[in-house]
Structures are given as C-alpha cells and as structure tokens.
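Protein chains: 2
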Amino acid sequence: MGIGDVTRPLCRAAVEALKQASDQMGTEEGFHGYGPEQGYAFLRDEIAYYYERTSGVKLFSDEIFISDGAKSDLGNILDIFDIDNVVAVTDPVYPVYVDTNVMAGRKIIKLQANFENGFLPMPTKDLEADIIYLCSPNNPTGAAYTKDQLQKWVDFANAHGSVILFDAAYESFITDENVPRSIYAIEGARSCAIEFCSFSKTAGFTGLRCGYTIVPGGLVRDGIQLRKMWLRRQTTKFNGVAYPVQRAAQACLLDDGHKEIMENIAYYQKNAEVMAKTFSELGWPYTGGKNSPYLWVKCPDEKESWAFFDELLEKASVVCTPGSGFGQNGEGYVRFTSFNTHENTEEAMKRIREFFS
Amino acid sequence: MGIGDVTRPLCRAAVEALKQASDQMGTEEGFHGYGPEQGYAFLRDEIAYYYERTSGVKLFSDEIFISDGAKSDLGNILDIFDIDNVVAVTDPVYPVYVDTNVMAGRKIIKLQANFENGFLPMPTKDLEADIIYLCSPNNPTGAAYTKDQLQKWVDFANAHGSVILFDAAYESFITDENVPRSIYAIEGARSCAIEFCSFSKTAGFTGLRCGYTIVPGGLVRDGIQLRKMWLRRQTTKFNGVAYPVQRAAQACLLDDGHKEIMENIAYYQKNAEVMAKTFSELGWPYTGGKNSPYLWVKCPDEKESWAFFDELLEKASVVCTPGSGFGQNGEGYVRFTSFNTHENTEEAMKRIREFFS
Numbered sequence: 425m426g427i428g429d430v431t432r433p434l435c436r437a438a439v440e441a442l443k444q445a446s447d448q449m450g451t452e453e454g455f456h457g458y459g460p461e462q463g464y465a466f467l468r469d470e471i472a473y474y475y476e477r478t479s480g481v482k483l484f485s486d487e488i489f490i491s492d493g494a495k496s497d498l499g500n501i502l503d504i505f506d507i508d509n510v511v512a513v514t515d516p517v518y519p520v521y522v523d524t525n526v527m528a529g530r531k532i533i534k535l536q537a538n539f540e541n542g543f544l545p546m547p548t549k550d551l552e553a554d555i556i557y558l559c560s561p562n563n564p565t566g567a568a569y570t571k572d573q574l575q576k577w578v579d580f581a582n583a584h585g586s587v588i589l590f591d592a593a594y595e596s597f598i599t600d601e602n603v604p605r606s607i608y609a610i611e612g613a614r615s616c617a618i619e620f621c622s623f624s625k626t627a628g629f630t631g632l633r634c635g636y637t638i639v640p641g642g643l644v645r646d647g648i649q650l651r652k653m654w655l656r657r658q659t660t661k662f663n664g665v666a667y668p669v670q671r672a673a674q675a676c677l678l679d680d681g682h683k684e685i686m687e688n689i690a691y692y693q694k695n696a697e698v699m700a701k702t703f704s705e706l707g708w709p710y711t712g713g714k715n716s717p718y719l720w721v722k723c724p725d726e727k728e729s730w731a732f733f734d735e736l737l738e739k740a741s742v743v744c745t746p747g748s749g750f751g752q753n754g755e756g757y758v759r760f761t762s763f764n765t766h767e768n769t770e771e772a773m774k775r776i777r778e779f780f781s
Numbered sequence: 425m426g427i428g429d430v431t432r433p434l435c436r437a438a439v440e441a442l443k444q445a446s447d448q449m450g451t452e453e454g455f456h457g458y459g460p461e462q463g464y465a466f467l468r469d470e471i472a473y474y475y476e477r478t479s480g481v482k483l484f485s486d487e488i489f490i491s492d493g494a495k496s497d498l499g500n501i502l503d504i505f506d507i508d509n510v511v512a513v514t515d516p517v518y519p520v521y522v523d524t525n526v527m528a529g530r531k532i533i534k535l536q537a538n539f540e541n542g543f544l545p546m547p548t549k550d551l552e553a554d555i556i557y558l559c560s561p562n563n564p565t566g567a568a569y570t571k572d573q574l575q576k577w578v579d580f581a582n583a584h585g586s587v588i589l590f591d592a593a594y595e596s597f598i599t600d601e602n603v604p605r606s607i608y609a610i611e612g613a614r615s616c617a618i619e620f621c622s623f624s625k626t627a628g629f630t631g632l633r634c635g636y637t638i639v640p641g642g643l644v645r646d647g648i649q650l651r652k653m654w655l656r657r658q659t660t661k662f663n664g665v666a667y668p669v670q671r672a673a674q675a676c677l678l679d680d681g682h683k684e685i686m687e688n689i690a691y692y693q694k695n696a697e698v699m700a701k702t703f704s705e706l707g708w709p710y711t712g713g714k715n716s717p718y719l720w721v722k723c724p725d726e727k728e729s730w731a732f733f734d735e736l737l738e739k740a741s742v743v744c745t746p747g748s749g750f751g752q753n754g755e756g757y758v759r760f761t762s763f764n765t766h767e768n769t770e771e772a773m774k775r776i777r778e779f780f781s
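As they're listed, the protein sequences go chains A and B.
Position one of the first sequence corresponds to residue 425 (my numbering), numbered consecutively onward.
Position one of the second sequence corresponds to residue 425 (my numbering), numbered consecutively onward.
Quick caveat, the hints were computed from the structure, so don't treat them as lab data.
Hints are all accurate, no fakes.
Note: identical chains are not told apart, hence a pair may lie in one copy or across any two.
No farther apart than 20 angstroms at their CA atoms in a straight line, the calculated lysine to any residue pairs in the SDA-like style are these:
no.: 1; residue 1: K531; residue 2: I507
no.: 2; residue 1: K531; residue 2: D506
no.: 3; residue 1: K652; residue 2: M527
no.: 4; residue 1: K652; residue 2: G529
no.: 5; residue 1: K652; residue 2: V526
Excised from the complex, chain A in its bound form (with noise of 0.2 angstroms):
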C-alpha cells in the first residue's frame, strides 16, 4: 500500500488515439515534426473547457503550457524566481518542492502541518516569503483546502506579493464541492497563483509523460508577466512534449475517454474508502481518503514512522509508506496510498484488522 504510481492501464481512449498519431507520424502528409514549446492548441484548447466544466474557471489558451509532468515543472518553474527569493513548503512535505530548491541555494522556511490543523497551515502574520508551495488535495496527507482556506492564502498572497506555486496533481480525486479542484476558482488567485497539474494521476500517464502548467496573464511582478518569463524558458530550454502523447491526453477530455479514466479514479475512491472505513474501526485517526488518493495514518500507540513500518510488514506483510520521509512533522505517521488493485487492498486492510484489532 505504499505505491506512488498509478496500477490501471490506459484508456481505450488513450491507445487508440496514440495508436492513430503513430500511424500519422508514418506518412508525409500526417508527419509532425517540432511542435509548439508551448504544446498544441488542440490541447490547450481542450485543457480550456476542461477547467470551465469542472470548476467555471475561464483560461486563455496561451495561460495554458503543456509539459512533460508536473514534477519537471515544478522544478524548472524556479528559472524564473531570483536565487534570492525565498519559498515556504509545509512539513510534510513532496519532497520534490524542497529539493529543487535546495540545489539552487534559496532558503527555506517550514510552514507546520500537524494534526491539530488538520495538515493544512494556514498564513500566520509574521510569514515572509516571496514564494509559497501549496499541494491540495495534498501529498502525502491527503488534506485539501476548503474555498475559505484558499482564499485566505490567495489574499495573503496578493498584499504581500509572493507567488503561490500550486500543486493541483490530484484534482481528480477531488469529490467535496465545498474543496476547489484549482486555485484559479479563487477570486484574486490570477494575480498570484501558478497552478500545476496533470495526466498522472487523472489519466494514468505515468509513463506517458505529460502535464500543463497555467501562469495567468495577471500575475505580473516588478512589471513583468510570469507568463511571458515562463513562455521565454519554455522557447529555450523545452521543445514541447510528443506529438502522440498530446493526442493521447486530449482523448481523456474528451466524451468517451473521460467517462473511461473517471471510472479509473472511481476503482482508486473505492479502494480509498475501505481503507478509511478500516482506520475507522480501529479507531486509528487519519487524514485524506476523502478527495485524495492518500491516508494519511497516524501510528497507534505513539510509535514512530519506521517502527510502525516494520511492524506492519513482519506481523501483516503489508508495505506502507513512513512518514518522515516528508519532514519533521510526518514522524509518527504512516501513508497509504489508493493505487493498487481491489484485491491487494482489500486483503491487506483484512490482514491488519486480524493483527491490530
């Protein structure tokens, strides 16, 4: 149960329309070449009506980059921050976000999720930062922002003008109406927020490779647009992501591949809410399940992450993720993930209710 990766195979949808691409790429008149750094209108465009169905948010089509993945993104994104800048990340953290970060030399403030805040820290008056990582629904607690939340970090943001790098990976999951599947669905979030986000996870394209990374044309520091920086990195550094790939993620948009990896995150919910009713019963408190594809566990008995972890895997032969792998905070919590089969969950939730009840 500690698997990152996702375990369904790729839509019908998805093979047919790389499928269709490839046979394309085998003829003159169907041959594609260099595309645009920026990705295909076809899919921008698709990626538009995408987040006005499901979240009424309106996007111009250049705000909207195709990548190869989120975390690529989340990395290269900092080419555009001053080495100066300083970045907040909470604790626990996707490790990924402090990294990237610590390579280029910036500091690095801690902001403190625990289970007194519901591993959703909140901005406190004296915050100084110029950039700010935000992950919700979040990895590795599966805790996501209520609207209210966001707003207060997106204001916070506005009259102190940093910059909020959201990290929106698993907007799929996404069930309560009360919890935004983009910043962007926050009223000021277009002067302040980069949104992140995906096909990994909503789609399965682990191993395709392909996210987008939207930098409205509102957010502007020291007078210039992010999104032309970001546009200008993208030129040189990036020659966009393959020509098949892109089809493939516009078939998930549409009709019949969305109805097909919605039934995907549907098989992962339904593995994530026998997993809460089983940390339920045993009265072990947990965060995420809801909204996520993660739970987030505390270790009963006030045992530490690796001490959990052992005992799990020697008494229920059942692999977990410890928690303070993501920071300070995660000690003394474990993660489990929604991604394996229904078979495998059910067995290993059967398993530890047989050696922990």
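Fit chain B to the known structure of chain A by using the hints.
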C-alpha cells in the same frame, strides 16, 4: 531551404514499436507507469552498442541518460554548474547555448569562427573557460572537427580543468572517417567531456522528443563525479521519457529500423550534394554539406545576410536562414538545409542557377 525540421516520415519500425508499446499500455500486464528517470535499460544498452559499432567507443550503460531531447539537456545541464563558471561558445553559434547562459547570468566568451579557420576555432593559450560548447558537425556552419583538432580541444580541457559540452546531434550525417562521430573516440575525453545527442535528426524524432546525454564516470570536478550530480538533477527534476517513445527509439537502433533511418539520412545527404554542386558551380564559397545537413554559404558580392535573403526570396522565391541570427560572424552568410524534399531542393537550386549564374 531554411527549414530546421526533418520532413521524412517516421520509419516503419518506429511506428510499429510505438503502436505495440501503446497496446501494451492498455493492458494490465503490459502497463508501464513511472519509468527510471535515467531511461529504460533496453534503450541505454542499445545506445551503448551503437557507440561501440559506430565509433569503437565503450560506454557503461549508467553513463547514458535518456532525455526528451538534446535541447532540454543542453539547457538543464547548467543546473550542475556554478553560476560563476565562465562559458565559451563559438560565434556563429546555435543560439540555445547562449540564451540558457544569459538567463543564468554567466559570463560568455566568444570563440571566433570564420572562413579563415574553416569555422572551426581552436583553443588559444589565453583562453580561460570552465565550460566550452562545441558542436560538430556544426549548426549552423556544417563544419566538422577532425580527430586531430578535437584531440587538441580535449588536451586543452584536461590541462585547464574545463568541461566540454559536446553537441553531437548531427553525428549520423558524418561520412568522413577522419571526423569523429563521438568525442569519446578521442583519447582523454572521458575525463573532460559531456556529449549530447538526439534521435531528432538521426531518426526523425523532432515530434517524438527523445535524446540522450552521456556523462562519463571519469569526469570528476572538485572531487565529485559529474555523472552523480546529473543523476541527482534528473531524479529530482525529471521523470523520464514516454515508454512508447523509448521503444520507438530502440527500434531505430535495431537492424531493420536502423536500415530505414539510414535511408532517410541518405535522402537528405543527396539533397546536400545537389546544393553543394550548385554552389560550387556558381562559385559561392561554403562550408558543410559533407558530414552535415547544413550548407553555410558566403553571400555573393559581399552582401549582408538579410540583403541576400531578400534577394533570394524576391528573385528565386527561395527561403534560407540569414546567418546574422547566429552571431556577429554570421553576418554575410546564409544557411541552407538539406531537410526538404528532393523535388523542392532540385527546384530551388534550378531557380538559384537561373537567377544568379
């Protein structure tokens, strides 16, 4: 004749490999999620065999890093170099080398390439550079370093502690035995050179995005293996290349696929011959055409690049690329490419002969 993209469709072996891998991705057993950030071993091994076959060079598989293209890596590699490092580039130059360093704020030295040195500048005693970009066969000039010339660069780099960033994107166009296809064919290169290569021009992958970077284990600076630094960079900021694309790249190195891609190269080489013949007949001095898809032509009558570009366009309706865009020394030159069809190339040369002879 200004086109920088390939025009021949993807070879059959690559299309088949793409489709087969796409089908696999649609099945539970064949699904591939996150792959190794460094690329799949099946492709890295095949590249190692390719180097042994074509250059007699032995590489370890873990010195080879698969990427989404040489352009990305040529920019991203700078992440492992200090901001204070001094960079040497040739003039004229592929603009990406300059832009990425300007963005990072590094000091840039220009190595003067001109007709006198065959557009192949050599190291001088007073040169002090930490990073030296060499592109051979060269874009835009088509000039290619001989073994002896490259040996002098490698000796210089080893003596001065410089790192050569060697762009070998056009290696498959080399026919001259005295022109190395890899810098590792030169003694001592393993301790001073990083090589960048790509399937873009070799196999028509401009729209599929797949390249590779070689960081030899012997390349150590300040006691640190650069290979390990690059591995860390890639695992932190990159998530690998699409599985079907890596399978397609592999197919292009295997027997049938390789035969097919070499037929495409021969197709372009034929175009280069036709152009070379025309320019020779007209008495227009040029470099390249041999060992390279590019012909770098001195504008007749001491014309400036744009003036000659306009004249070609107006008189012959032929488009080329003005050399002045590649640097000060590019003024007075234009670049022709062999990536067009036979028919268009013949027609363009016919018109040029009509108007200029």
